[in-house]
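Knowing the structure of chain A, use the given hints to seat chains C, U, Y, X, P, V and S with the ligands on it.
Protein chains: 8
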Amino acid sequence: RRTGVPEVVFAEGKTPEQTLRLLAELRDRAPETPALATRCPQEVLAAAPDAFPGQPVLVDPVARTVTVGDPPAEHGSVSVLTAGTSDLPVARECVAALSAWGVRTRLLDDVGVAGLPRLLEHLADIRDADCVIVVAGMDGALPSVVTGLVPAPVVGVPTSVGYGFADGGRAAAASMLSSCAPGLTVVNIDNGFGAAAHAAKIVRRMHGG
Amino acid sequence: RRTGVPEVVFAEGKTPEQTLRLLAELRDRAPETPALATRCPQEVLAAAPDAFPGQPVLVDPVARTVTVGDPPAEHGSVSVLTAGTSDLPVARECVAALSAWGVRTRLLDDVGVAGLPRLLEHLADIRDADCVIVVAGMDGALPSVVTGLVPAPVVGVPTSVGYGFADGGRAAAASMLSSCAPGLTVVNIDNGFGAAAHAAKIVRRMHGG
Amino acid sequence: RRTGVPEVVFAEGKTPEQTLRLLAELRDRAPETPALATRCPQEVLAAAPDAFPGQPVLVDPVARTVTVGDPPAEHGSVSVLTAGTSDLPVARECVAALSAWGVRTRLLDDVGVAGLPRLLEHLADIRDADCVIVVAGMDGALPSVVTGLVPAPVVGVPTSVGYGFADGGRAAAASMLSSCAPGLTVVNIDNGFGAAAHAAKIVRRMHGG
Amino acid sequence: RRTGVPEVVFAEGKTPEQTLRLLAELRDRAPETPALATRCPQEVLAAAPDAFPGQPVLVDPVARTVTVGDPPAEHGSVSVLTAGTSDLPVARECVAALSAWGVRTRLLDDVGVAGLPRLLEHLADIRDADCVIVVAGMDGALPSVVTGLVPAPVVGVPTSVGYGFADGGRAAAASMLSSCAPGLTVVNIDNGFGAAAHAAKIVRRMHGG
Amino acid sequence: RRTGVPEVVFAEGKTPEQTLRLLAELRDRAPETPALATRCPQEVLAAAPDAFPGQPVLVDPVARTVTVGDPPAEHGSVSVLTAGTSDLPVARECVAALSAWGVRTRLLDDVGVAGLPRLLEHLADIRDADCVIVVAGMDGALPSVVTGLVPAPVVGVPTSVGYGFADGGRAAAASMLSSCAPGLTVVNIDNGFGAAAHAAKIVRRMHGG
Amino acid sequence: RRTGVPEVVFAEGKTPEQTLRLLAELRDRAPETPALATRCPQEVLAAAPDAFPGQPVLVDPVARTVTVGDPPAEHGSVSVLTAGTSDLPVARECVAALSAWGVRTRLLDDVGVAGLPRLLEHLADIRDADCVIVVAGMDGALPSVVTGLVPAPVVGVPTSVGYGFADGGRAAAASMLSSCAPGLTVVNIDNGFGAAAHAAKIVRRMHGG
Amino acid sequence: RRTGVPEVVFAEGKTPEQTLRLLAELRDRAPETPALATRCPQEVLAAAPDAFPGQPVLVDPVARTVTVGDPPAEHGSVSVLTAGTSDLPVARECVAALSAWGVRTRLLDDVGVAGLPRLLEHLADIRDADCVIVVAGMDGALPSVVTGLVPAPVVGVPTSVGYGFADGGRAAAASMLSSCAPGLTVVNIDNGFGAAAHAAKIVRRMHGG
Amino acid sequence: RRTGVPEVVFAEGKTPEQTLRLLAELRDRAPETPALATRCPQEVLAAAPDAFPGQPVLVDPVARTVTVGDPPAEHGSVSVLTAGTSDLPVARECVAALSAWGVRTRLLDDVGVAGLPRLLEHLADIRDADCVIVVAGMDGALPSVVTGLVPAPVVGVPTSVGYGFADGGRAAAASMLSSCAPGLTVVNIDNGFGAAAHAAKIVRRMHGG
Ligand SMILES: Nc1ncnc2c1ncn2[C@@H]1O[C@H](COP(=O)(O)O)[C@@H](O)[C@H]1O
Ligand SMILES: Nc1ncnc2c1ncn2[C@@H]1O[C@H](COP(=O)(O)O)[C@@H](O)[C@H]1O
Ligand SMILES: Nc1ncnc2c1ncn2[C@@H]1O[C@H](COP(=O)(O)O)[C@@H](O)[C@H]1O
Ligand SMILES: Nc1ncnc2c1ncn2[C@@H]1O[C@H](COP(=O)(O)O)[C@@H](O)[C@H]1O
Ligand SMILES: [Mg+2]
Ligand SMILES: [Mg+2]
Ligand SMILES: [Mg+2]
Ligand SMILES: [Mg+2]
Ligand SMILES: [Mg+2]
Ligand SMILES: [Mg+2]
Ligand SMILES: [Mg+2]
Ligand SMILES: [Mg+2]
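Protein chains in written order, with my numbering: chain A, 466 to 674; chain C, 466 to 674; chain U, 466 to 674; chain Y, 466 to 674; chain X, 466 to 674; chain P, 466 to 674; chain V, 466 to 674; chain S, 466 to 674.
In isolation and in its complexed conformation, chain A is listed as follows (with noise of 0.2 Å):
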């Protein structure tokens, strides 16, 4: 664990069979973490409860994930919020693999800027993260507005969500890019597991794990 973040399977573009294989071989290789694979298709999420008979499995048919094995204790904190329902997808597959390595994490959806108040309701309770991570597409605006209420590091992760100047999660991005709070950093589109990853390694630096 050079780099403190376990190897994981992306399926996409590979075949159910490859997948599986591949989470076989993490499983042998890596026995004292969870094998993750993420953006999984149908047929894998169908078929990985059976192929790993007598080990825990957990499927998220929402994040498109699955996991192989019981995580660590859990440790940490990690506040991960949604603008829209759309934008879930991708705050599951966060939360999936934090979840794999024993980060706690909280889930806040659909809390957009659209609708203000309701984000002012929940704020206690993001305030006090070890990180925070702020899943948007379509104007990626919620992010620049939590950095500017809360003390934790916050990871922006724009989406695809959207249409036209939406451009498949660029104007999210790259709103998040020129926010105007300071100490927001971004990841890919549809980045999930990316942020997870960099909030893993901020919370491993305090927690160890």
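Bear in mind the hints are in silico, worked out from the structure with no lab data behind them. Some hints here could point you the wrong way.
Claimed, not checked - Listed below are the simulated DSBU-like cross-link pairs for lysine-lysine, each with C-alpha atoms no more than 35 Å apart in a straight line:
hint	chain 1	residue 1	chain 2	residue 2
1	P	Lys-479	C	Lys-479
2	P	Lys-479	S	Lys-479
3	X	Lys-479	U	Lys-479
4	A	Lys-479	V	Lys-479
5	Y	Lys-479	S	Lys-479
6	A	Lys-479	U	Lys-479
7	C	Lys-479	Y	Lys-479
8	X	Lys-479	V	Lys-479
For chains C, U, Y, X, P, V and S with the ligands alone, coordinates are given in the frame of chain A:
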């Protein structure tokens, strides 16, 4: 006044002589409205007061506008907000045009999303405007937040404030055009005048004038 | 109705069951306005009439909208124009939303700039609207022409009609945003709903409702 | 004259000495046509009249062109239109080149779509040209309108006039290239010379010369 | 025939029924020219011959065009070149339109710059055309080479052939628009019909018809 | 200190007087932290030492920063790397901000991927940082390499160093955002201050302060 | 063999029959080199072995290539590297072309920068190649690293592997083109064949063949 | 000389003192090759001859290069072509680097595709080079034409010559990268030095040195 928006001199790319001559021509042709010039270089701002002896001349060096003649009686009510102080010149161009046409304005500066509480304090003042104009560069998040909070029609003006991914105002514009808050419309980058013209058409439809 | 625009279901990316359930929820929560769903897939359009027994259900297969419930008394007046017949679905989404909110509309199809005389014939009808919405793809030239001819506030809706340099509506949008006709404001590509929301806010400010 | 378009000096990025020497060389090599230089800096425009003693020298400071020598007998007929006065330098470059090659031109300035009646007044004059060249920046809407109104072949010249989404002429060019009016062809941004060359080839095919 | 280019049905995005009905309407309204439909889907190509009993129907499955009615007497002469065989559908659309309007064409396929000798062999045939249309994707280099070799007016048609940096025809278009060969004009990507309309206007100006 | 990041003066686009006055105001309002100004023009750098008599003033002409007041006791540890010496100003802005906030830094200059051995030599020093900031223009490859080698959370700062396809830092940013090394997060081009703010939030969460 | 690179069939956009017929024609015309087809769909890969009875047929389903005929005697030496296993199809197209032309290759898969030690282990093998081809998507960082480590001429092949800011290979290409390692040249995205052609020209210049 | 390309000073963004000091350091560290500086401002070009007393100093004001020291014995042979005279500075930078490294060059200026016969006349001279470098801005068509005509490996150098759609060299680069002529590789815009480094690696592999 076929379209309800009086002609205006766009001084950029014109010599000071051309601009002053065109102002004088407008004055002659349409004496019932003040003549307005926008994007005036320093020379025009300096020379204007002496160029129209015996006439009221208003120079706004921040907006870079010159107004010659008395505006009609005040009517209507438009709120103009900025995200940051660097957006002020565009907001002031907006105010200068509306004032020349007799529309009452209220300017609220530096209420951007990185410091949300300041915006929330002033919300009551904005709610009852005939139209709200929100000027913002960088992340362009403020117009989405405001549109989700007030019943008035809102126009967003992206500004070229920012660097890198702000891309001369394109990030702010794309964020506004992709807004998750329904009803926000957008004008060109730095086009305070265009937003004023739209607002004036709304006001005129309501209050005549 | 904090913002004056009732909530609406955006059906794209939702299952038919989710959309119909959300429509029913809206119906319960806000019985005074019809519940509206936009961007409905074929299944929703087909299932809607039977899903709300005893209630008036309006399905527009061109607009891909479903409206459940009786609209409020008609008030105001908005003109909706298209440059070409391919722009009609976006214009009809616009009309469907305005109708659901009780706003009177007049739809003028296929009056694009390649055949200017047709537009000029209908000009008188447009001049007195509270707001004019102009829907155009490809060159996006029509909103500029109309804004130069009528006193009403004009909103341009770029559409994704066209190919090559039309670039999914970006050419039309850029042309509108760069318009030499002052006062034209713009919404996202294909966002008929957004233009309707802006127009409704204007109408509501004038006529209440 | 393999291609029917005489060589021309593009003065941008050349020293005044280089440009004047190249003009002299062209004069020697092809005495039957005037030698032409485009995009001349102030120094060349000032020095040209004295640099060719005993020869007719025509300097157009708006077009930034220098023509040395007498043009051939006038023939053909090309109309050149501008949307706004800021497009004039490009239109005048066009006229300067055509005049040098003996092609008769008619220049119609400031007939853009924001003031359509002015265009319609002059339509009769344009209809019978061998070719119509339409120069427009910002929204680039004028060439589409004209192509829909006249039987002559039309060439659109986008200009870099405008700001923000006008994007140095890209918005105007994309609008023209996506035109819903069939038969409009387009040259590079600000390339009045290129449009003149195309028109001259058409005229030459019709009238010889 | 205000513009000299007869109306044409653009079948993309229309149902086969709509296209066939519009063809029939054109036939009635303007019996002196054939009715033409471009971008026809397979169903229209298959159904067209039976849909117009007793009338000549020409179907080109490569061009995806349907022509109903006899063309006027042949006149003029336009050369159409392609860089590669993949550009043929666009070139054939061009030929189909010109043929429907009675313009004589000569088609030269696969004479791209990667095999220059083949082009040079055929140069004599091209030189005397009233107009030369050059269709090219990928690098878009052929129109520049041809414009530097022939006296006829040249129109370049970029195609969406290629991948990566070819960018759906944008690379070819940008190369043509930046051509160092004066007089080349350009139409939208894959717009064979548009180039034909320009050429037909040139031919008509020369030969009437 | 709602967000844990003290306010800072962004001097770009401000007059020297404005910047110095704002620094003085910050000093008064928040005497427990030094007041910091970034992107200072030459005049501010020169005038600052005399403008705050009796107070410690730190000027970094490479970073273009001015710091007024004594920083809090040193705590934490952040490594800042540059790919090349031209990236140094951005890295030094980063160091200046962290130093003002009392965060210990280590700066490693010119360890870009074209000379990999130099980087590998210094790896041990970097591994134990609370956060690693990697500043790189041109290809933007260094942050990916470093993220694959160290367990600390890494923030990449793209710079505008380079030309052509480097595109003012967009190539470097896109490469970082597409990194195959999980956990790398990114800030705006040239935004050394933003990376410092994120790192400071991490440090503060770990060590308080 | 005017250019030293034999003709090749690009099967994309061709029917299986066309591709097989063109392969047969190449076989007849140039019997001294194998006939090669790239980007073959499944049908061609399946049908090829039976289509050339009595001739050696090599099918690579990963590269999607078909080679008919015996390659010339092996000569030269080209190393082909991939950053990740998803880049393998492009690398294998490269190997297939070089093998058909008799050039010896060595393929090193999955040595990307996120796991630098693996690359460093194999460095000695690469150093002595006549040319090194480096295939990489996403961040595109590997070719810069390799060019800084070996004396051989290096060609980078960006691939369309990745999402979001990877932008179909544009991020990788821009990173390579902006490389801080001198001497790296680049081909189009996914163009393994093009890199092979360049390498073959180098090898042929050195070793003849 | 790990990579076979000696270090070089990139003078852009450095003070004249820094550049001259770095040249002196290179001279000391690697006395067997001349020290080279590229992109030198006027001050460096003027000061260089006196800065290295007793040493041969070569200044090329067009290339903006300074070479200090005697080059190794001439070997190899590289042809450098330009499309137009404005591309000469980039081509000369290329020649200056190759000359400093002892590689024999032949420079052919202004053989662009708008005047193809000139190119064809000189073809024989180019065919036998170890590598051909083709420098072209605007349409970027020349490298495709040359690659289709010669057996040598070809490197294209796009230049920032042109305006509008030429887009600072992006049009030329995209055309080259999309070339239909197999084997053309490309370097960054205006990067004559990079092309020279690639060519030098090829020459060195063939002839040692
Ligand atoms: N056609 C449309 N285009 C853009 N936004 C829409 C459209 N229809 C509905 N919306 C917005 O989307 C919101 C509902 O989103 P959701 O909660 O995902 O159903 C509505 O309240 C509207 O603000
Ligand atoms: N204003 C212009 N815009 C584009 N191309 C031009 C212009 N003026 C001249 N040219 C072209 O540039 C060529 C001369 O370029 P040069 O050899 O650099 O002087 C002429 O033969 C024309 O083809
Ligand atoms: N170098 C910098 N880059 C980006 N943002 C900065 C920089 N320096 C300061 N800021 C931000 O800009 C804010 C001050 O902006 P202003 O009120 O315009 O002076 C600070 O509170 C920071 O959030
Ligand atoms: N994979 C490939 N990528 C790019 N170009 C290719 C590829 N395979 C073949 N080609 C080129 O395409 C030409 C054949 O094109 P075509 O005549 O359409 O079959 C060949 O001579 C090659 O120059
Ligand atoms: Mg919501
Ligand atoms: Mg502020
Ligand atoms: Mg129509
Ligand atoms: Mg005008
Ligand atoms: Mg071919
Ligand atoms: Mg270095
Ligand atoms: Mg790997
Ligand atoms: Mg030349």
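Do the hints match the structure? See the list:
A C-alpha spacing of about 27 Å is found between P:Lys-479 and C:Lys-479, which places the hinted pair at or below 35 Å, so the restraint holds. Using a Cα cut-off of 35 Å, the hinted pair P:Lys-479 and S:Lys-479 holds, with the two alpha carbons roughly 27 Å apart. Between X:Lys-479 and U:Lys-479 the CA atoms are separated by roughly 27 Å; this keeps the pair inside 35 Å, and the hint holds. Under the criterion of a C-alpha separation no larger than 35 Å, the hint pairing A:Lys-479 with V:Lys-479 is consistent with the structure, at around 27 Å.
Straight-line distance between C-alpha atoms of Y:Lys-479 and S:Lys-479 comes to about 27 Å, which keeps the hinted pair within the 35 Å bound. Annotation: proposed proximity of A:Lys-479 to U:Lys-479 holds, straight-line Cα distance about 27 Å (limit 35 Å). Taken as a hint, the C:Lys-479 and Y:Lys-479 pair is honoured in the structure, with Cα atoms around 27 Å apart against an allowance of 35 Å. Distance restraint check for X:Lys-479 and V:Lys-479: the Cα-Cα separation of roughly 27 Å lies within the 35 Å cut-off, and the hinted pair is therefore satisfied.
No hint from the list above goes unmet by this structure.
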